[in-house]
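> Each chain, written out:
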Amino acid sequence: MHSINLSTLQSLLPEAKFQNTNSIDSVSFTGLTSLSLASTNEISFVASKTFVNEAKASKARLLVVSEDMVDSLSEKALIIVPKVELATAKIIRQFFPEKQPTGKHSTQVAIDPTAKIGSNTDIGHFVTIGKDSVIGNDCIIEDGVKIGDRVHIGDGSRIGKNCVFFDDTIVGKRFIVFGNSSFGGDGFGFVFAEGKHNKIPQVGRVVIGDDVEVGSNCTIDRGALTDTTVGNGCKFDNMVHIAHNCKVGDHVIIAGQSGLAGSVTLGNYVIIGGACAISDHITLVEGTIIAGGSSLRTSPKTKDVYVGWDLGLTFPEFQKYRVNIKNIVNLNKWLKRIENIEKKVGIETKES
Amino acid sequence: MHSINLSTLQSLLPEAKFQNTNSIDSVSFTGLTSLSLASTNEISFVASKTFVNEAKASKARLLVVSEDMVDSLSEKALIIVPKVELATAKIIRQFFPEKQPTGKHSTQVAIDPTAKIGSNTDIGHFVTIGKDSVIGNDCIIEDGVKIGDRVHIGDGSRIGKNCVFFDDTIVGKRFIVFGNSSFGGDGFGFVFAEGKHNKIPQVGRVVIGDDVEVGSNCTIDRGALTDTTVGNGCKFDNMVHIAHNCKVGDHVIIAGQSGLAGSVTLGNYVIIGGACAISDHITLVEGTIIAGGSSLRTSPKTKDVYVGWDLGLTFPEFQKYRVNIKNIVNLNKWLKRIENIEKKVGIETKES
Amino acid sequence: MHSINLSTLQSLLPEAKFQNTNSIDSVSFTGLTSLSLASTNEISFVASKTFVNEAKASKARLLVVSEDMVDSLSEKALIIVPKVELATAKIIRQFFPEKQPTGKHSTQVAIDPTAKIGSNTDIGHFVTIGKDSVIGNDCIIEDGVKIGDRVHIGDGSRIGKNCVFFDDTIVGKRFIVFGNSSFGGDGFGFVFAEGKHNKIPQVGRVVIGDDVEVGSNCTIDRGALTDTTVGNGCKFDNMVHIAHNCKVGDHVIIAGQSGLAGSVTLGNYVIIGGACAISDHITLVEGTIIAGGSSLRTSPKTKDVYVGWDLGLTFPEFQKYRVNIKNIVNLNKWLKRIENIEKKVGIETKES
Chain V
76 MHSINLSTLQ
86 SLLPEAKFQN
96 TNSIDSVSFT
106 GLTSLSLAST
116 NEISFVASKT
126 FVNEAKASKA
136 RLLVVSEDMV
146 DSLSEKALII
156 VPKVELATAK
166 IIRQFFPEKQ
176 PTGKHSTQVA
186 IDPTAKIGSN
196 TDIGHFVTIG
206 KDSVIGNDCI
216 IEDGVKIGDR
226 VHIGDGSRIG
236 KNCVFFDDTI
246 VGKRFIVFGN
256 SSFGGDGFGF
266 VFAEGKHNKI
276 PQVGRVVIGD
286 DVEVGSNCTI
296 DRGALTDTTV
306 GNGCKFDNMV
316 HIAHNCKVGD
326 HVIIAGQSGL
336 AGSVTLGNYV
346 IIGGACAISD
356 HITLVEGTII
366 AGGSSLRTSP
376 KTKDVYVGWD
386 LGLTFPEFQK
396 YRVNIKNIVN
406 LNKWLKRIEN
416 IEKKVGIETK
426 ES
Chain P
76 MHSINLSTLQ
86 SLLPEAKFQN
96 TNSIDSVSFT
106 GLTSLSLAST
116 NEISFVASKT
126 FVNEAKASKA
136 RLLVVSEDMV
146 DSLSEKALII
156 VPKVELATAK
166 IIRQFFPEKQ
176 PTGKHSTQVA
186 IDPTAKIGSN
196 TDIGHFVTIG
206 KDSVIGNDCI
216 IEDGVKIGDR
226 VHIGDGSRIG
236 KNCVFFDDTI
246 VGKRFIVFGN
256 SSFGGDGFGF
266 VFAEGKHNKI
276 PQVGRVVIGD
286 DVEVGSNCTI
296 DRGALTDTTV
306 GNGCKFDNMV
316 HIAHNCKVGD
326 HVIIAGQSGL
336 AGSVTLGNYV
346 IIGGACAISD
356 HITLVEGTII
366 AGGSSLRTSP
376 KTKDVYVGWD
386 LGLTFPEFQK
396 YRVNIKNIVN
406 LNKWLKRIEN
416 IEKKVGIETK
426 ES
Chain Y
76 MHSINLSTLQ
86 SLLPEAKFQN
96 TNSIDSVSFT
106 GLTSLSLAST
116 NEISFVASKT
126 FVNEAKASKA
136 RLLVVSEDMV
146 DSLSEKALII
156 VPKVELATAK
166 IIRQFFPEKQ
176 PTGKHSTQVA
186 IDPTAKIGSN
196 TDIGHFVTIG
206 KDSVIGNDCI
216 IEDGVKIGDR
226 VHIGDGSRIG
236 KNCVFFDDTI
246 VGKRFIVFGN
256 SSFGGDGFGF
266 VFAEGKHNKI
276 PQVGRVVIGD
286 DVEVGSNCTI
296 DRGALTDTTV
306 GNGCKFDNMV
316 HIAHNCKVGD
326 HVIIAGQSGL
336 AGSVTLGNYV
346 IIGGACAISD
356 HITLVEGTII
366 AGGSSLRTSP
376 KTKDVYVGWD
386 LGLTFPEFQK
396 YRVNIKNIVN
406 LNKWLKRIEN
416 IEKKVGIETK
426 ES
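One line per chain: the protein sequences are V, P and Y, in this order.
Just so it is clear: in the first sequence, position 48 is 123 by the working numbering, and no numbers are missing.
Just so it is clear: in the second sequence, position 108 is 183 by the working numbering, and no numbers are missing.
Just so it is clear: in the third sequence, position 114 is 189 by the working numbering, and no numbers are missing.
Simulated from the structure, these hints should not be mistaken for laboratory data.
Be a bit skeptical, because a hint or two may be false.
Each pair may be met inside one copy or between any two copies, as identical chains are not told apart.
To be verified - Below, simulated PhoX-like cross-link-like pairs (lysine-lysine); rule was C-alpha separation at most 20 Å, straight line:
no.: 1; residue 1: K124; residue 2: K376
no.: 2; residue 1: K395; residue 2: K165
no.: 3; residue 1: K411; residue 2: K395
no.: 4; residue 1: K92; residue 2: K158
no.: 5; residue 1: K395; residue 2: K419
no.: 6; residue 1: K158; residue 2: K419
no.: 7; residue 1: K271; residue 2: K418
no.: 8; residue 1: K158; residue 2: K124
no.: 9; residue 1: K206; residue 2: K124
no.: 10; residue 1: K165; residue 2: K191
no.: 11; residue 1: K179; residue 2: K408
no.: 12; residue 1: K411; residue 2: K401
no.: 13; residue 1: K418; residue 2: K408
no.: 14; residue 1: K165; residue 2: K274
no.: 15; residue 1: K174; residue 2: K248
no.: 16; residue 1: K174; residue 2: K131
no.: 17; residue 1: K248; residue 2: K322
no.: 18; residue 1: K322; residue 2: K376
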């Protein structure tokens with residue numbers, strides 16, 4: 076961990092205003108942490124006005140805040156920024172710089188002579204790279220990564236330990252992936268005939284754009300005839316599964332343990348919460364949000380926040396649904412009551 | 076990718092009738108793709124009568140069709156087959172032949188001297204094979220596969236990169252698995268005593284039949300006392316989890332991210348959609364279908380299609396349920412209405 | 076598999092009473108299995124009084140039972156114990172002793188010179204261990220494990236094939252993990268600005284207590300600013316996902332394919348069934364049980380058993396809910412009936 080001072084912060088955050096910072100001019104800050112944990116030589120941040128009182132009590136001598144908090148914290152040394160989280164992220168990175176590639180290749184590797192590896196790219200131990208594969212410049216290929224034939228990995232990518240790339244997978248620039256993820260395995264396609272499930276060859280590829288980040292233990296399958304595609308800037312958490320033929324737009328977020336069945340189409344800026352199941356051939360228009368734990372079986376027509384099962388409910392509907400979950404336990408009693416009333420007022424009850 | 080001509084297709088599909096194909100006798104076809112994407116030297120296929128108009132407009136000069144489409148497409152060159160998808164699968168495989176083993180062994184491996192490896196089997200880089208394990212003939216063991224002791228892998232199997240086989244796992248012939256799947260880890264069994272969870276040793280095995288295909292990042296656990304078994308011809312998608320003591324019949328399909336808890340019994344030809352959770356000790360009779368996203372907590376008595384939660388609904392019930400999901404948000408208002416009526420007609424309201 | 080005799084059992088189970096065992100004094104028992112599968116030289120166990128008749132019919136010549144079964148099985152040779160499953164587990168372990176480390180190091184490894192490896196620890200093939208990492212005594216590090224920098228693994232741990240530990244992960248003593256699990260990957264944290272999702276550096280660690288067992292293909296992510304922590308004695312099944320900043324207490328059970336979103340807090344002795352989704356920032360108090368297949372979006376206030384979606388229902392509520400699931404399919408008809416009654420009795424219907 077590095078330590079940094081005010082002038083470093085000033086050049087790091089040119090958009091920021093610094094207030095009451097004269098007295099801490101020479102302080103060497105040792106880290107950034109939460110308000111309650113920070114010590115005097117640490118920076119902290121105020122995520123929202125809710126935390127203003129906590130901020131006042133914090134030992135942190137320097138706070139990242141937004142303009143609307145300045146009045147309440149006028150006695151503190153402040154870094155005033157348009158977006159607290161973004162500035163905070165930049166400061167943290169300053170304390171914990173990213174590992175940089177050095178161009179070091181392990182000798183315990185198996186790299187096909189036809190494979191091309193860019194300059195300043197690290198190749199870890201027990202890595203394999205197959206025929207005609209191309210690894211860009213400035214990459215870090217960590218230990219145990221297995222890369223098949225004709226795979227392309229873009230410049231500046233970081234491939235985590237023991238990830239697997241099957242043949243023909245194409246990955247853009249600045250790709251990040253953590254451990255044990257698998258790309259380009261066959262899509263799940265069979266045709267039933269003669270009493271058994273016969274394999275439909277999966278000959279499309281996986282094609283991933285630039286600036287995509289994927290967690291640990293994810294799977295993205297190759298397409299059947301056409302490619303499975305993931306746009307630029309997408310971020311997938313751990314154990315996310317993308318089935319064959321999916322077309323994922325740009326800047327899509329998918330949280331942990333969610334999956335897309337085959338041929339799902341996601342517009343740009345879609346957000347899917349954790350533990351969601353999106354059925355095959357669903358389409359979500361740009362900006363649609365699916366709340367965590369939802370299971371979508373029907374394509375919603377419009378951009379909205381959806382929660383729940385089948386088509387899902389919009390968020391206002393869900394708020395009402397929530398209140399009513401416990402009513403369901405009494406439905407059989409309600410039926411009795413309706414029947415009683417019908418008898419009393421002389422309505423003929425038909426079977427319900 | 077290979078290119079193929081009419082005579083190759085004729086010997087490939089002896090069951091097919093070829094119509095209007097004289098004019099394309101000498102064409103060298105370069106691929107097979109969807110109706111809209113196909114160019115003149117590509118083959119396409121008509122999956123159902125719905126696509127007949129698209130077929131007429133397609134540039135593809137040769138179409139795979141079923142008998143019932145022939146009249147509508149009488150001006151096209153046709154391959155008439157009983158099962159379009161099956162014939163299509165065979166043609167695709169012709170363009171993209173499967174990798175064949177060549178008997179090549181990497182030298183960067185760790186194979187116990189007591190292990191036996193069949194003839195014409197490929198062993199990739201950084202593979203390990205433990206004591207008394209037996210790998211069949213004509214297998215491809217890809218890079219990074221780790222095989223424990225006393226494991227058997229049947230003839231003609233293809234084991235994907237970085238898969239793991241713990242001790243005593245038995246796999247039949249023509250097994251296919253993609254990346255990072257784990258077989259034979261301990262089942263999840265503990266007994267609570269003295270304030271902690273005490274491990275119950277898991278000493279059964281995993282025993283898998285012939286012609287099984289498993290996706291990437293799946294897990295099948297060894298049994299507690301008896302074996303976890305998977306029958307012949309089963310196909311599992313990515314991230315499928317089979318817990319200890321499950322007995323899976325033949326030709327069972329399980330789609331992505333679905334799991335069987337302990338001691339589940341599945342009859343032959345069961346189909347489980349994606350993202351399903353099957354509770355422990357559930358039994359599904361032959362041919363039962365569980366729709367994707369379902370969570371089954373009770374064994375359905377009869378063969379049917381089930382959807383939803385707990386016991387699930389049959390599909391016709393589900394169609395009605397669907398319509399009613401949005402009614403749930405108003406139940407508290409309905410209760411008020413029932414109470415009002417009761418008051419008006421003089422029925423004493425008991426607590427509901 | 077070893078064989079064992081009565082005197083071994085007597086020293087193994089000092090808390091047990093042995094009854095009618097004189098006649099089997101010299102028998103060499105070859106295994107322990109279920110009542111129906113056991114042969115005469117095998118031991119079996121009676122899990123509950125329900126199985127007493129099966130026990131009478133069993134060929135097993137020696138049964139593990141609890142005090143309350145003794146009268147019904149007075150003609151059998153019995154091992155009478157306070158906890159049948161616990162005694163059974165101990166006997167099984169006797170037949171199948173755990174693999175013990177022998178201090179053997181493969182030469183096909185890549186271990187940083189600054190790493191420290193304890194005594195009597197096995198290092199498998201194609202293992203990597205990074206800078207300043209410390210592996211305890213008496214560990215088994217299986218083939219293909221990849222360990223980053225500054226990782227600590229406690230004494231007596233068994234790390235399964237192809238598991239991955241990213242930098243700074245700390246694991247206690249007697250840790251067990253099966254295949255392809257990933258520890259210490261970045262938490263899933265982004266801030267949206269300028270049309271894209273910007274990474275928030277994840278600089279906390281993963282810190283795991285003693286006596287924890289984790290299945291295959293699990294993921295535990297490092298914290299954002301503070302650590303993701305798992306207490307002592309926790310047991311996680313396969314494909315369990317623990318997101319950043321979670322605080323998991325001691326002796327927590329999480330079954331297969333369940334996940335904790337970010338910043339979840341679990342008290343000691345919490346039990347989470349399979350395929351559960353626990354939303355971010357949820358807190359579960361000590362001893363709370365979440366039934367399998369549940370999706371929790373609200374923190375329950377009290378210790379109880381919860382089932383279902385959102386807040387979940389308590390188990391008695393769930394029993395009533397179950398009965399009513401099928402009533403939901405008729406709600407639209409009920410609405411009609413309520414409307415008819417209202418018309419008949421002269422109540423003005425407002426929109427519902």
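> Each hint should be assessed against the structure and marked as holding or not.
Here is how each hint holds up against the structure:
1. K124 <-> K376: Result: close neither inside a copy nor across copies, 36 Å intra and 27 Å inter.
2. K395 <-> K165: Neither: 40 Å inside a chain and 52 Å across chains, both beyond 20 Å.
3. K411 <-> K395: between (24 Å within a copy, 15 Å between copies)
4. K92 <-> K158: Classified as within: same-chain Cα gap 12 Å, cross-chain 67 Å, threshold 20 Å.
5. K395 <-> K419: neither (32 Å within a copy, 27 Å between copies)
6. K158 <-> K419: Intra 65 Å, inter 59 Å, cutoff 20 Å: neither.
7. K271 <-> K418: neither (56 Å within a copy, 58 Å between copies)
8. K158 <-> K124: within (13 Å within a copy, 55 Å between copies)
9. K206 <-> K124: neither (56 Å within a copy, 42 Å between copies)
10. K165 <-> K191: neither (34 Å within a copy, 34 Å between copies)
11. K179 <-> K408: neither (73 Å within a copy, 69 Å between copies)
12. K411 <-> K401: both (18 Å within a copy, 15 Å between copies)
13. K418 <-> K408: Classified as both; 15 Å inside a copy, 17 Å across copies.
14. K165 <-> K274: Intra 49 Å, inter 9 Å, cutoff 20 Å: inter-copy only.
15. K174 <-> K248: within (17 Å within a copy, 29 Å between copies)
16. K174 <-> K131: neither (35 Å within a copy, 57 Å between copies)
17. K248 <-> K322: within (19 Å within a copy, 35 Å between copies)
18. K322 <-> K376: Answer is within: at 18 Å inside a copy they meet the 20 Å cutoff, but 39 Å across does not.
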